[in-house]
Structure formats: structure tokens, C-alpha cells
Amino acid sequence: MQKTIIAVILMAAVTYIPRVLPMLFVKERSKSRLLRSFLHYVPFAALGAMTFPGILYSTGNMTSALIGMTVALILAFFEKGLLEVAVGAILTVYLIQLFVH
Amino acid sequence: MKSPIDSKSDNAYKHQLDDFEYGLRQGIPIALGYVPVSFTFGLIAVSGGIPVWVAILISLTNLTSAGQFAGTNLIISGEPLLEITLTTFVINIRYLLMSLSLSQRIAPETSLAKKCIMSFGITDETFAVASLERRDISFAYMLGLIFCPYWGWALGTAMGATVSSVLPAEIQNSMGIALYAMFIALIVPSSKKSKATMIIALVAIAISSLFTWAPYLKQVSSGWSIVIATIATCFIGAVLFPREDL
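Chains as they are written, first to last, in this note's numbering: chain A, 1 to 101; chain B, 1001 to 1246.
I should point out that these hints are in silico values taken from the structure, not numbers from a laboratory. Treat each hint with caution, since some may be false.
[Said to hold, decoys possible] Pairs of lysine-lysine residues, derived as DSS-like cross-links and limited to a Cα-Cα distance of at most 25 angstroms, are as follows: (1) B/K1114 x B/K1014; (2) A/K31 x B/K1115; (3) B/K1192 x A/K80; (4) A/K80 x B/K1014; (5) A/K80 x B/K1193; (6) B/K1115 x B/K1014.
Work the whole structure out from these sequences, hints included.
Put into C-alpha cells, the structure is as follows:
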């Protein structure tokens, strides 16, 4: 529990620091196209790396995870909202696991 | 009759109130969009074993989607503090870019303390709205803009966290996939619009797969794998697909 609270404080700090530092110190915009492109791609790379293969181990059963992932990909491809995609994947996994047992 | 100094400060006060109200209005649609996302966050965090009040605390102190989802995911899977912190930091590095860009537009008389408060509310969405403003960004405007999204984010978390604790166990077990499904919902629409984004996501997936299954590499912990995969992928992306439009 104590570790969780420390983790939350550290997360808050490393979320706030990149928001506040440029405000305090930077007077001019970076001209480096390489740096700006690097920063632009960060969220997509981080999300990709976190999603796969982690998703395969998220339900305790690789078959239900794979099918859930496929449903999420299809819903996301049709640009459904975050909640709809999440609920769609949860229900799929739930039904598959009912079926398997 | 008022002295000129009084009426000047009256005007300044009215101007601030207008700015605040203008920002407040712009923040309402952002807040509405936040509620279902933070609802899902509360749901997932609590089903993963995080207490309800801690889930709300995370939303109140972090106010970010991808970063706090990832951090919470790593807390749930029991990763060490250093890896939780570094992963969250790497995901939030993009705020450097947004803050950098907004810093050029802040009203010149804004004090350092006010800048510190304003920057807490920079999210992908508030940045997008604020950066489309033609005028200088004042403290009052930014405070108004942040207000509804901040409380919407906390409220959604509280609702999701509360609902999660009364859900049946079978549903809770299936919810392990929700976080990943949300990540997919964030990546796929962007990948449809930009081929470079799609390649970036696929390269990151390939590198993190190597760190999961390849001999020797699989000994690296999942937290570090994400940090390494992200930095390597962004470097490749910046070299292969430099952006002209930033």
C-alpha cells in the first residue's frame, strides 16, 4: 500500500515536470525538426509497445485475449469511442470464457 | 467619482472574469469527453486491486490518460518504482512539446506562480483548444478552460471505481483486457489517418515483442522494455519521417 502511494506521487511528479519545465525556462521554440518529430511520435510508440504482446497475457487465456483483441481492432477501425471499444472487448472475453468452461 | 486607478483595476477585473467564463465554456465539451474515459480508468484500476480512493487520487494528481493508465497498469502488475516512474515519464515527454509551444503564447505579464498552476492543466485536449486561440493565453482563460475537464476527470474516475467494486467476479476477470482495448482505440484511428503513425506503432510492437520472446532480451523487465522500445522507435521515426508541420 505504501509503495502504491509512493508510485502515485512519483507518477504525479513525472507528469507535472514536462508540463511545467518549458513554461519556466524556455524562451524560444526548438528549431530542431528531429527533436520535435521524436516528441510527436512518443504517445503512439509507447501505446504500441504497451499493448502488444501485453494484451495476450491480460485475461489468463490466450485464445480469449486474441479474440478480444480482434474485436477491439475492428471496433477501433470503425472509430468507436474508448468506452465502446473497451466494453466490446470485455464482453467478448467474458462470453468466450463462459463458452470455454 | 472613481479615481482613474480604481476604474482601471475594475476593468482589469471584468476582463479577467470574461476570460475565465470564455475558458469555462470551451472546457465543457472536453469534460464531457473525459467522463467515459476516466470512468473506464476507475473501473480498471479498482478491478486490478487499487482502492477506490487511490484511483481518485491518481486522477486528481496526474490528470492524464495514457500516462496514468500505464503507470497504474505497472502498479497492478507489481513492477518496481523506478520502472513505473520512467515509463510514466517517457509517455509524458510529449507534454514538453505542448508546454513548449504554449509558452510562446502566454500573456507576457503572467507571474511565475501563475505559470506553474496553468501548466498543470495541459492535456492533449486543453492544449489543442488553447493553441487554436488567436489571442495571448491569460491565466484566467486557462483556469476556466481547465476547470470542467479537471473535475470531470475526477468525477468519472469516482463513478467507475464505485461501480467496479460491485461488479460480479466473472466480469471483473474479463476486464483485464479493457486497458489494452482502450490503447487500441487510441492508436487505430490515428494510424488510419497517418501511415507514419501506423509504422511507428508497428515498429514499437515489433521491438516489445522481441523483448518478450527473443532469447536474452526476454530477461529485460516489461517496464524497461516499454521505455527502450519507445525511445528506439521514436528515434527511428524522427529520422525516417521528420514532421514538417509541427
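Practice item. Taking the numbered hints from earlier one at a time, note which ones the structure violates and give those numbers from smallest to largest. Key: Number 4 only.
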